[in-house]
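Line by line, the protein sequences are chains D and C.
Under the numbering used here, the residue at position 117 of the first sequence is numbered 117, and the numbers go up by one with no gaps.
Under the numbering used here, the residue at position 428 of the second sequence is numbered 428, and the numbers go up by one with no gaps.
Quick caveat, the hints were computed from the structure, so don't treat them as lab data.
None of the values given here were measured: they were computed from a predicted structure.
Cβ coordinates follow ideal geometry from the N, Cα and C atoms, glycine included.
You may find that some hints are simply not true.
With a straight-line Cα cutoff of 30 Å, these simulated BS3-like cross-link-like pairs (lysine-lysine) come out [stated by the list, open to error]:
hint, chain 1, residue 1, chain 2, residue 2
1, C, K189, C, K175
2, D, K253, C, K787
3, D, K253, C, K954
4, C, K1021, D, K222
5, C, K992, D, K253
6, C, K818, C, K1021
Output of the computed footprint for chain D on chain C, the stretches with three or more beta carbons under 8 Å from beta carbons of chain D [to be verified]:
hint, region
7, 637–645
8, 780–789
9, 1007–1020
10, 1028–1035
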Amino acid sequence: MMHFSRRQFLADNAMGIGTVALAWLLKQDNLLARPKSVQVKPPSFDLTPKTSQFVPQAKAMISLFQHGGPAHMDLTDPKPELTKYSGTDFKDEVQYSFVKNASKKLLGSPWKFQKHGECGTELSELLPGLGEIVDDVCLIRSMHTGANGHEVSIRYFHGGIPGVVGRPNLGSWLVYGLGTESQDLPAYMVLTDPGGLPVDGVTNWSNGFMPSLFQGTVLRPKEPRILNLDAPAHLRGSLQAQNLELLQELNRKHFEQHPHESDLEARISSYELAARMQTSAREALDLAQETKATQDLYGLNNPKTREYGTRCLISRRLVERGVRFVQLFHNGQPWDNHSSITTGLPAICGRTDQPSAALVKDLKQRGMLESTLVHWGGEIGRLPVTQSHGDAKKAGRDHNGQGFSIWLAGGGIKGGMAYGKTDEFGHRAVENVVTPNDFQATIMRLFGLDYKQLLYHHNGQEQIITNGRPAKVVSAILESPSEKLS
Amino acid sequence: MTTVFKRISLMTILLFCFASSVIAAGADKPANLTYEEHIRPIFRAHCFDCHGATEEMKGGLDLRLVRFLIKGGESGEAIIPGKPAESNLINRLESGEMPPGEARVPQAEIEILKRWIATGAKTSRPEPETIGPGLGITPEERAYWAFQPIKRPEVSAEFKKNPTVRTPFDALLLKAMPDGLAFSPDAEKLTLIKRVYFDLLGLPPNPEELQRVMANGSDDWYESLLDELLKSQHYGERWARHWLDIAGYADSEGYTVKDDVRPWSWKYRDYVIKSLNDGKPFDQFIIEQLAGDELVGKREGDLTARQIELLTATGFLRMAADGTGSGSNTPAARNQVITDTMKIVGSSLLGLSVACAQCHDHRYDPIPQADYFALRAIFEPTFDWQKWQTPQQRRVSLYTAADRAKAAAVEEEVKKVVTVKNEKRVKYMAEALEIELKKYEQPLRDQLKGAYQTPVKKRTAEQVALLKKNPSVNISTGVLYQYLPKAAEELKNFDKQIAEIRKKKPVEEFLRVAVEPANHVPVTKLFHRGDYRQPKQVIKPAALSVVSPEGQRHELALNDGKLPTTGRRLGYARWLTSGKHPLVARVLVNRIWMHHFGRAIVGTPGEFGKLGSNPTHRELLDWLADEFVQQGWDLKKLHRTIMLSTAYRQAGAHDPSKESIDAENHYYWRKPIVRIEAETLRDRMLSVSGVLDRKLYGAPVAIKEDDFGQVVVSGEQLRRSLYIQARRSQPVGMLQTFDAPVMETNCERRSNSTVATQSLMLMNGSFILSQSAKLADRINREAPELKPEELAALPAISVSEKPVWSFGYGEVDQKTLKINKFTALPHWTGSGWQGGPKLPDAKLGWVTLHANGGHPARKYAGIKRWTAPATGMLSITGKLQHGTKNGNGVRGLIQSSRTGLAGKWIAYNGVAETKVMKLAVEQGDQIDFISDCNGDVGFDSFTWSVQLTLEREKGPAFKWDSKTGFHGPEPVQKQSLPAQASYAFELALCRKPTPDELKLVVGFMGNQLAYLQQHPEQMPKGVTHAQQTITNLCQALMSSNEFLYVD
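Isolated chain C (complex conformation):
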């Protein structure tokens, strides 16, 4: 139950707990109501917009102080202490007169107001003598937990001694647990290995890696594994994806319907990956993203690698949707870019919905509207809506001096060719003109020529009229081919030549950056109601007031003289990363924790304000935040600290006694399972099937719409999902279905849906189908055979995995009518089997077999051999047909390996019914359909189709047809099916199947084979039954919960 209704009456609401129990809430009545603690929040939410925050109070009523309330406004006193029924305020609220519009103050809050008035309208302290404009921030508002300095909690020695405590925060978690709870034992080694692989790399361990770690028996195997994975380049890819979510990464501009491609966004993506791989301290990482350009220093000649890195980092500020370069360069669109950018900064680093204070003071958190604009002022020099730069104008070219010189040289070369081309063109045009003019008599001919050759602007009226009257004289390059086709072709070749030369030019790459124009110090004004058309007072750049102690707000210089830029962003970034900011470190560690545990300490990672959740473990949050800062903002160290903990290493064990205390595992007494994210799911499939392209970095992988309008990766591009082009308007179907975000602004936390469309995609989607087939191929190539005793322990597959039909030749003993030996025919023509490429074959003569029949040789008969895949009673019907009076016809024989000759027919210019009733067969028996020449090989083309029905003791009858079952060469299955099945588990699920599972799978494979053998028409081309059976098993494994969730 997650649909949320705004509750109206506290008396009647039903609150749902996470275990879906429902209880009715009783009213809670705090005893001592005071204005500051209980009343002001109600006014802030509903009334201050008109009666407090603005300079002009509506109706002269100011609700900011109790004495103002008593004094009242134009309509008289608002309250009369002790007399709620006579208080105007209550009457207005209850009658619905106030607030204006549809919004209503909830009845419960009105009740609180009434009780407060009834108890004398008390304040918690004397009210100030004077009060400045605006709402200010009260001590109660400042007292909110998230605005308090980060305080490292003491960890008591008693808990430290507990043997299950590996890190100080284990102790904190343990301390918070109610009686009866304790950590679960460590997870099994294999579980842990998988857990850390997916967590750090987003990829499964491959069999060799797994084997190596499993074989490492040393005490510190786990620590070494963490260290190894933290050094992997894939670590950066995995954790970049998390940061790109919150940064709102997209490869398109959004905002307009066109949703133009954002060509150089990926440079920022690569910057993030690289920074994480390099272990860049996170404070540095933040500073670079907010103000890299301010650190670049003077540019002398080519950009240095460091300068490029710093500039690329500012791509963070350029992630918001921006339609100003794609047809919507309006003031509204520009201001939207600023709003969205600030929202990204706010939610990623501050964990506050600062955007709520854009139009008015924040209704729940102490963020005055002026604070919002002070923040905006920090970014104004870069984002000045009145001196706007479109995305194209903000690009920085990566051309070096050498590149430029090379490009100029190339253009020089082009110029030469162009000159030659132009000369030729002029010449050919003149020739063409002469040809055309021949159509005209003198003197018109010369007049026309004169008119044509006069430059357009200098033509006389008569000349213009003349040319208009004879339009065919207006020869242009475009029609040259009509006169001189060869010349036109020659000119075209020049263009090709030019294009070829230009290919030598170095490719010009760009960065998508946020920079400030030199000496640009714009003035920021507060917008009334957030409307840019209503600018009010000037606002200076500063950080949020509430995060600093009263009177110590962090203000920023308008212009830092030491820098070519204003220095505002740099100053702000340094304040954020000073270690003194109460929010930044908390917000970051909360998010890291969320990615490790699948749940956050503050459940609303982008909102630490009043509208968000409170931390479940505040001490844990503070300990982590402090540790992070103390350890030099080292993200890899933080991972290590978290992952070395007992809390992280626990099993996801089921434990009824603990569940009875905390079924939802709020206290971390076990490790919850986590569904892998969309990208990880796709990457895991690619990795398992062995086709993943592990290349790092680079331009995004193109996408396209398939025949059904679904967006898919274009072509065979098998790179990690992180590299797939992220168009806002064209989300890739598979990723979106599994909750990958489609960037509107950014994504603070992914949802986790479980829906039938996901199941359908895993049942029928083209991606999983192709990956299953590839995995089956890999298994066929690599699977090791099972040990004989393992094979012996398995039940036999009910149906033989070998092909039912095989095609060969042999000599018929004319006495017994048996064949001496069955030898497979060696040559496949694409539609039939024969002795060699040419007929008659030197050795095998005319022997051929095709779907409908064939031709025997003098010496050899053709044989279609059917091998019984199961035991039962076989019936055969069929027609042997010979269609000419010439020759002497053909003979058909049916021989059973168990019971001998079952039938004999001769067809000569006619039809023989080849019917055999009730032939007992056992699995593995061979029934040969032998066609020989009946003594004379001339004119022996025949058709012979047979239909076989096998009645089994149990289960439905099986049916075969010689025509649909006819096939060409089949790849050899190297290993037994159980061996392949077992390896499928190892690759897909990183473990061997249990004996029970293997038995289950053996049964499955038998059924599959039986079905496929009956339905050859369903078989994809060039695939054996065994292969298809393994493919289907692979699909089941890749769509199983064990594949989708990590313990």
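Next comes chain D alone, as it looks inside the complex:
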């Protein structure tokens, strides 16, 4: 009869490539009395905090996603040559999305740039808030998706493959890998716009092939803020507590008859967690607990910035309470300035610039910036040439996945730096090109994870976020890039 030896034990629990190879070798050596892995039960998953592979810099991430493609040459990437040759024909090849209005005429930025902070990074007058935090920010000017379409690039950023749906998003991977510090709030939360869903809808926070545990939980901009969180009218007061008490008593009696079934115990605690969530989520959303100074910092006193500021402030409160990943979305894609860029772009900057900067300032003054990674950016940028609509006032810019900017701050990111370059007109990333896969690899590194080694078994395949596409950790933008894997 068989008994478990240590060797078998090792073999039985083999997971991952290295050990599969090991198990195979062992098996060929006839050392295995039993099979290499006994994965008999359907995998079960949880959100308990897990230790990362190496020392993490970031513990949480707030991603301010800017749907539509912010015009980098008007915001973060000054192009004197573009201004100089504005109105003349662009010599290079351009890939247009809207061929009907395609034009080769270069469009210099109508906005002034100036240096900010000790680092002296040049920024547009449209982003005074960013100017104030620029010493904490790493501006990446060389993003590249290679594709102009919105969805293609959005999915590339979230799920790792251009244009492909059905994959878990970055947030899913992080909470799959690390669990969450907060046992009273969802690990991965999404703050949607009161105006509606962003382009590509719920795919933006899909868990793809992972269990729904790793899906982003939507915090709605109006009541009910979280679906099914609140008791219906007839169960308010202590009634639901009475219901739960009865339920748990029944469950306990049932568990006594099945003391070896740990799933039953897990479900009993999941009810307890749900009950706790009802209080803690409400508390997390109570901005009255914030001082007037803080509220003003986020622009809650200004109708223009109040809405986005509120969400930025809520995201800080969520991270403070241990939420791992928070992502903010706009309604539709307000940065998609195909036309009338001279009015459209200042409008969306006016709504978001101050709150975004306030978030970084606030995190910093609370000592949370070190461990909280803030991301600001869209899925693409815009073209240096004009998108013509006959009338100069109506001019805009078409999509550009060849080169654009995003910024990161905190969580182990080196502040006060600009990384990478686009060409002299801002069309293509030409130096230190960063792809969404590099972005993902780098973020996972900041969380102490090696993107190549965080595996999820799906349909018999080992999945990683980049799906095996070429990727690299951009170590030049890390505060401590040297950390090696064991």
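Put chain C on the given structure of chain D with help from the hints.
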């Protein structure tokens, strides 16, 4: 702990066992390392892409044979046997120079390479003189268990004799058990009944069914029950869902953002249900799905029922996401459809990740890239990316000749109406023109008329300019109503008439099929790196090499002359179901076993290759596979065999001594509990509450987004969850939360999550709330009363379940100020109680009571009666108010059934404070608030609100208010609350509550009633406290673990 990191160093990794113990692994060192057994797998995983698999070797280095390694490439020899430190290979790997890019060979594997070189770089046999292109398949690779023929294991007589062995495979399980383990005793009858109901039908037994089976005392009750359930039509629904998971069933196309609805997908779903219900042999089922169209034969006239069935079956090949009909008909999108279809075929039937060999030879399993394309060639005539057919183009109409004739006749009828309509239209347009032209003087009028009446293309430049200058002359049908409103209306009515006629047309239905265009024999080429833009050599259709003995690969004819189609898929399907294929039967029985036991023998049911798990019980797997084939691929027989076993019939018993040996129950010494699947959970709720629509088959149930953006079933559609429309982009919230798959491609195994969002859904979700209320209704209708002795054994409910307030009238004895009799007021107006629909009522006069007050009659006083739901000390405050100088005011009396008159007030054009301090009451006492006319009934409208506080010996004080507590008629509770509670257990959990549970519930109901009576504002409209209490009990039962898990 299920998060998986790729381990780097074998020396430092921690391996987690399933019981979460952690031990450090020591290094294991096989003694005799050989190239074939130990080295080649490392090269296959990391190096062969550039140094072996392709015709051109990078740097001239070929790693396929040891002598090539020694010879080396452009940079010199790769290894020097005996000298690992001087071997280039090791240096390159350790420096990270190779492989290029980020990937690294794990240090442990480099160590193995070093030891192998150090021990002389041995081979296990002489290397061949010559070697063809590619990696080939070595004997070691072929020796992998899953590629071996299925071998029925011998079952020793010794084990057969064991009394616990009911089927041969019981013996196999028993044999595998370590000392100290044995099967647990059979589960109790009730447990078994529930188990088989959920397992075979996905529905609970209803009380009658349960009673009938429980009452069947014959020895073969269990066998008869299995036979009965296997004949149920719901069996097909339950098991179709399992197959639809692996087939990747969806009602939408996916791929693009639009995620267009796939309108006829459900015909395939119904085919699967029907095939399973009919007990179609599974080999036949597979053949039809892969090649039904090739069996259809010649079409003469209308499609026969059999032809329709065969064509519908090929819907299996059309389940993959397909964006080519919804705006993305690109080569990439087309090739993706092919890739996904092959993945579905691979994972459902072969249990292999063949897709891994699309870009290069499979890194772990012996599947050359050429094999992948040989498989692809089988499907190429149907899925030719260069001559693509969009989903719309692939539809087959189900119109019969009769339908077509009928449709033509209808169109003929339409034509007649259209003719009349057109004539009228021309006439009216001319009239309208005349009206318009009256605005113009001659000769302009005639010029305009001439210009307008000239056909557009023939108009002269002047005419065009003229019309442009006078745009109002351009009269169109759309503006006709501005001139001749009646005529416009008449024309519109013609359209209605046409639509009405067209309704008579037979509805045209379609099938979603995979068929081959006639005489279409495309050439398949291998794509370099899987890229369709880089086609290379031509590949012929064939099955995977490794599943046949060397040199006997199953190849398929390019074109079978006997068939109108190429016959490739048919040939392949026949090979798969020949009984000789090592994988198909194993893969199928493994999945069936998984659905019966909640766990599979091979834990990765879609991956039997090296990346998957090994079987926990290989002999069991082979026995089942062989038995399945021997029994004619009869799925129902297989169910029966499995379910008749001791292993299946065991109790889920707790047994510390066995747990100490095998806590995780790897050896099946007990039956594990299984959480019911998302669909079963929803179906169970519907079934229990008695509203489930048991209709079979048909178009999917529509879905919608509710006010909060959550996807729900649209309207009151109470069909089984299997029939809910499955949009890839709009998963139904409740199903997805409980792990129903959202089809990306397909789902090989569902995950099983336990998360707070599920709990929140069961606490607050609209579906469970509505089902709880429906269950409570059903209980109120059907619950039988408990026996008197059962009732007597229960503690009294601390709070009376009867309504606290009732509303009536009576005559006041002017001496005692008592009422002679309390009679309920007979008529409810919607806001108040009175004697009849009209005032004054012939018999009761002006008596009315409403929330704030009322009006007495000359003879009768109005009475609000409060019945004490509990014992305690009652205090009353209130205001009796009369608002006019006319008349003589009203009188208010408070009478206690225990202590008599407690207060007396008269209000006349003013307010009387109706305060009563400390009135002792016992449960059931009545306090009457009597309002009479004070002798004269004129001008006697009054308001009287009272607030009651009951201090109890224990617990918080209760409070009532006459205004918020005012209510209309309440449904009668037929049975006592304990009787209803007991029946709630019977319906929800298929059993009576234990005496302890009933006591617990009685306490719960008392608390609930007390709370609800205090908070009438929380009560849903038209529901009594008792009903709401039962509803809440039902919710607790339907969210309990006993409801969510099956023993």
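Against the structure, the hints:
For the suggested pair K189 of chain C and K175 of chain C, the alpha carbons sit about 27 Å apart, so the restraint of at most 30 Å is met. Restraint check: the Cα-Cα separation between K253 of chain D and K787 of chain C comes to about 26 Å, which is no more than 30 Å; the hinted pair holds. With a CA separation close to 27 Å, the supplied pair K253 of chain D and K954 of chain C stays within the 30 Å bound. With a C-alpha separation of about 26 Å, the suggested pairing of K1021 of chain C with K222 of chain D holds against the 30 Å cut-off.
With a C-alpha separation of about 15 Å, the suggested pairing of K992 of chain C with K253 of chain D holds against the 30 Å cut-off. A hinted pair counts as satisfied when its Cα atoms are at most 30 Å apart, and K818 of chain C with K1021 of chain C does not qualify at roughly 34 Å. Check on the region 637–645 of chain C: 0 of its residues sit with their Cβ under 8 Å from a Cβ of chain D, so the three-residue criterion for coverage is violated. Taking a C-beta to C-beta cut-off of 8 Å, the region 780–789 of chain C contributes 0 residues in contact with chain D, too few for the three needed, and the coverage statement is violated.
Against chain D, the region 1007–1020 of chain C contributes 8 residues with a C-beta closer than 8 Å to a partner C-beta. That satisfies the three-residue criterion, and the hint holds. As drawn, the region 1028–1035 of chain C meets chain D at 4 residues by the rule of a beta-carbon pair under 8 Å; at three or more, the given contact holds.
When held up to the earlier numbered hints, the structure conflicts with 6, 7 and 8 and fits the remainder.
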